[in-house]
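Number of protein chains: 4
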Amino acid sequence: MVIVMGPGATREHIDALVDLVTSAGGEAYVTRGVSRTIIGLVGDVRQFETLDLRAMPGVSDVLRISVPYKLVSSENQPGRSTVSVGGVPIGGDNMTVIAGPCAVETPDQTLESAHMARAAGASLLRGGAYKPRTSPYAFQGLGETGLKILADVRAETGLPIVTEVVDAADVDLVAGYADMLQIGTRNMQNFALLQAAGEAGRPVLLKRGMNATIEEWLMAAEYIAQRGNLDIVLCERGIRTFEKATRNTLDISAVPVAQSLSHLPVIVDPSHSGGKRELVLPLSRSAIAVGADGVIVDVHPTPETALCDGPQALVGEDIPQLAEAAATLSPLVGRTLTAAPEPVGAGV
Amino acid sequence: MVIVMGPGATREHIDALVDLVTSAGGEAYVTRGVSRTIIGLVGDVRQFETLDLRAMPGVSDVLRISVPYKLVSSENQPGRSTVSVGGVPIGGDNMTVIAGPCAVETPDQTLESAHMARAAGASLLRGGAYKPRTSPYAFQGLGETGLKILADVRAETGLPIVTEVVDAADVDLVAGYADMLQIGTRNMQNFALLQAAGEAGRPVLLKRGMNATIEEWLMAAEYIAQRGNLDIVLCERGIRTFEKATRNTLDISAVPVAQSLSHLPVIVDPSHSGGKRELVLPLSRSAIAVGADGVIVDVHPTPETALCDGPQALVGEDIPQLAEAAATLSPLVGRTLTAAPEPVGAGV
Amino acid sequence: MVIVMGPGATREHIDALVDLVTSAGGEAYVTRGVSRTIIGLVGDVRQFETLDLRAMPGVSDVLRISVPYKLVSSENQPGRSTVSVGGVPIGGDNMTVIAGPCAVETPDQTLESAHMARAAGASLLRGGAYKPRTSPYAFQGLGETGLKILADVRAETGLPIVTEVVDAADVDLVAGYADMLQIGTRNMQNFALLQAAGEAGRPVLLKRGMNATIEEWLMAAEYIAQRGNLDIVLCERGIRTFEKATRNTLDISAVPVAQSLSHLPVIVDPSHSGGKRELVLPLSRSAIAVGADGVIVDVHPTPETALCDGPQALVGEDIPQLAEAAATLSPLVGRTLTAAPEPVGAGV
Amino acid sequence: MVIVMGPGATREHIDALVDLVTSAGGEAYVTRGVSRTIIGLVGDVRQFETLDLRAMPGVSDVLRISVPYKLVSSENQPGRSTVSVGGVPIGGDNMTVIAGPCAVETPDQTLESAHMARAAGASLLRGGAYKPRTSPYAFQGLGETGLKILADVRAETGLPIVTEVVDAADVDLVAGYADMLQIGTRNMQNFALLQAAGEAGRPVLLKRGMNATIEEWLMAAEYIAQRGNLDIVLCERGIRTFEKATRNTLDISAVPVAQSLSHLPVIVDPSHSGGKRELVLPLSRSAIAVGADGVIVDVHPTPETALCDGPQALVGEDIPQLAEAAATLSPLVGRTLTAAPEPVGAGV
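Chains as they are written, first to last, in my numbering: chain A, 31 to 378; chain B, 31 to 378; chain C, 31 to 378; chain D, 31 to 378.
It is possible that some hints are incorrect.
[Stated by the list, open to error] Simulated restraints, written as ranges between beta carbons of each label pair: (1) C/D182 x D/K100: 33 to 39 Å; (2) D/T40 x A/D182: 57 to 63 Å; (3) A/P350 x D/D138: 49 to 55 Å; (4) D/T40 x C/E308: 17 to 23 Å; (5) C/T366 x D/K100: 51 to 57 Å.
[Said to hold, decoys possible] Cross-link-like lysine-lysine pairs, in silico, DSS-like; alpha carbons within 25 Å at most: (6) A/K306 x D/K100; (7) D/K274 x C/K274; (8) B/K306 x B/K274; (9) A/K306 x C/K306; (10) D/K306 x B/K274; (11) A/K274 x B/K306; (12) C/K274 x B/K100; (13) D/K274 x D/K306; (14) C/K274 x C/K306; (15) A/K274 x D/K100; (16) B/K274 x C/K100; (17) B/K306 x D/K274; (18) A/K274 x C/K100; (19) A/K100 x D/K274; (20) B/K274 x D/K274; (21) C/K274 x B/K274; (22) A/K100 x D/K306; (23) C/K306 x B/K100; (24) B/K306 x C/K100; (25) D/K274 x A/K274; (26) A/K306 x A/K274; (27) C/K274 x A/K274.
No lab work stands behind these hints: they were computed from the structure. Cβ coordinates follow ideal geometry from the N, Cα and C atoms, glycine included.
Excised from the complex, chain A in its bound form (with noise of 0.2 Å):
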């Protein structure tokens, strides 16, 4: 941490920074400058971060140098971290392809959008029984109900489940039935809910708030992992811009900056962000190429139709064309699609 002296600070300031650094347990390094005087603190910086520096005569900015996350940054684990939902790795050498409909409406609708996830190379089925949406005229989803078609669609066609938790108080039902629980935009930052993921005893996939710096991202994951969850999957979805001909601007380049930073898988939701079907794919295969470990992707059987953002699903001659972009491109990035898990008693 850097404490930068403004123009007018006085040899009074400085030494009262210095004593105060130093009551609380660090060392504080004075370095003149010919128009500043920056001081630079050694020692714990979650106890500087107490101090209020910034609050203090004659301090111009304090910089922090350090992240602030420990357990997700890549500097507490130097390799990169695969996570298993039920049975089906993300991260590593992987490639891992998410697919479902954006809200489950019917058993059927579920079934064929499964059906669909597969031919679409997805090994993970996703699908929405609480939705989180602007309007509250809008549909709300299915919410228990919604689970229990999931878990009938997970026993026949094996697909594991990742389903959106929008309430703490929700956190336990929707994780008897689902293997992650997804945790959307708009509660990246409802921290009573990140806590209570954190302690359920499921991977966690953390959207991105659309208007969330990576950094911010990453100390929400820290949030679950502190309840000892560190079976997170981070998901770019897109962020707020000026630019109003997407829905969201997918923010690509994060990919790669958040795998630096962090050990945690990061995938990259193409239908949200784009918010147009025409855009799925392309984005598809953007994501694949710049390394991410996944991609999760609205499917459904009848668009037209969808209770909740039919006009981003993929349908039709798009399925395939998604499952063969996944097979060609992972290897040329080093990785290689996982593959879907038989439906139990597919082998009898």
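Got chain A; can you put chains B, C and D on it based on the hints?
Frame of chain A; chains B, C and D shown alone:
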């Protein structure tokens, strides 16, 4: 609602849309332009939204024309609302100042802050017992202990309490102490929390999400209103932009814009938007002059030891200056500074 | 300047940096922390910048500590500047209103607008003869014909002229007519234009780029100052954000921030930031209250036929309201509304 | 074009609009909805735009439906364009790599960079002789001396030259040396420069403004096209967002979006968007996979002494890796890597 057809739309595409709208109980009027055809829809917009018109063949765009919120819209209530918080009005011709510490730390610090708040012209006391913090390693608030401190300080000073709630599970507990529930910027789209707050029987201070459009902010208010609670005050607190010289960018224009779209009062938080003490007074003046219904500011007796956001807390000479600014500027925009209630027994 | 070494930096990396800095005539002070080492540099920052320290092995980050501009910095001139435009002051304790049509269209329209400007409290006339337009199909201005109209109106009304120049090649021509050269938001980093304006012998109104940080804005001013012209007035006119309810987001905080970083006067353009007539008066009040040195607003006798930006032009009852707001609010922030010069011969 | 009337619009307001549109030679079709009336306009949109319909009484909004550009629109030319740069194609089924130093510094550095460019798979050489720099104290380029160096290197290596021009006054000079004129991000709306480039008889590489919408980018291209030059290549180079982990946020989705709106080729600059060497290869792969028509990357023989943007220049092992990525990924998206021309006399 208007459907814009693409350049390649056929007669069959248009007929299919007219049929779909008609079968949903609406009316469709077709206008053929030189390069595009548009279809104007008459009927219940929310019903049309379930049709997913955007996914129909030939459609290029679907333009919503009426606003997606109803209860909080100025179209549905022409006059401006006044919300009463423990007897203190916000809205109408009032200019209401809310002040207090960012976080409740100790009884003394809270009481002293309350005296500062009153001296600054405030008629309501703010103070956080539950703090949503970006870092899991930062001070998270005193919880119910903090609420009890606030209640004690209210008893002594007469100032009603505004305090934040961060989890739907805590709403009833917090509502048992607070005169007004605050929903913070990170929770603006925590829909479970919004709904719980809508049923708690307390006025709600709804901060704008730092990445939320004004429309999304009003939709969030609609979630509260839908549960029967129209005692909502909107709070502009800065949005996230590329500019990093301030903590956030105060969107001062959002005040008149939100006041024209909604009948709800709109106040401004100059402390959290600017993030620096020296900006709080100029931004407070700016907020009053633009026509805000109030301001909410941080004060602290010893900012340099504050556990949260010390650098932005007003102190010392700032206090009478805020009081004077509020008193002298308010009449120039047709408002009267709200008087603080006397402590119970004060008149005896 | 501070160099932050990465966690894997070796002793050799550090020694190489110390040698490099020393050989460039600077001094380097090394502070070894628990997880990181930092190196504080003392000497000429601009020289260090040519070293590309960031590319040296082991370096994680390089933090600049002093500001990158000099002539326009408040560190180099403690008092606040006053700029004289044809005898009318901007800065100091003055509140200066500039008003006029967005574009010069006809002699009558310009003269009538000038009378409106004076009635609105303005002491300077704005009006564009060269218009940078997003669309090549939009009205691009009258060019020199427009400049002559402005000069005629100045002769009749006594109001000095502020007008835009969009190409370095036109600077001398425009400076032959104008009392102040305006550089628009799209040209804030047109460095050839900045340099030409710096040599033209006229004060310059430098609008902030809609995507420019405050620091970049001051760097652009430094380009002008470097050519010997310190008669620069900064103009905040809104930045581009995700919010689309207004044309741009007026960054009201930029006024006190820029005033603290630089000695140059800072004014606000509420017309182009809001983009809507009904926002201009509230935003003007807000600008005066925040402490701006002036405002620049669009007026037009018949906005519905304006060739440019009619929807944001003040008209009718807006005019006396702006004058009243400027007259009554200015004293509350320690300023006096600048009086308009009389026409030549007016006293005869 | 569609006019949306406000809730309080009267019959007279509507009649006045119909009359106005009719008198301008258009047709107006009125649809009365439950809460709003809309008016569909048929005729020449550009004529309607001069009417300032938005300023008419009763009008709430005016929605443009067709795109505001014509010559560069995919509606006006269905097939995709191929632009020839000194015989090297960009567009069609080609994947074209452009590489070279950010700035031309010396003959040796430029020649060495050209050899690196060829080894990286490039068929065109980039290099700046005129550098627009945020700071007036930074290296501004060698000017015509730099152009001569580029021409010498072209003679020796056979690689056609892409170089930036920053002032309309320099266009003819630069066009005398360059095979393609580059217009940089800060000049995307320097309309004088766009028009001069449109008349220079050279293909133009138009970088997207870091704050420009895709629509504004295409409008800027339209300025060039209007002067008779349709040999334009669009270059996405990152936009400015709140995220500061990268220099800019590469808007990878802009590639397929711009390709669907316009027939012009679209390439990507991964060096200036990411701003860090380690991001250039992943982002290049991402750009090729998303379907870009090319990439433009910085290379430098000794990045640690580069006068401009050294930290993002490829060097050493990066070079063959880029070549391999371009060669192996291109076929997967239906493209062929463009071969570099041989030096004149190479075959002798």
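Let me make sure I understand: some of the numbered hints might not hold for this structure. Which ones are they, in numerical order?
9, 11, 18
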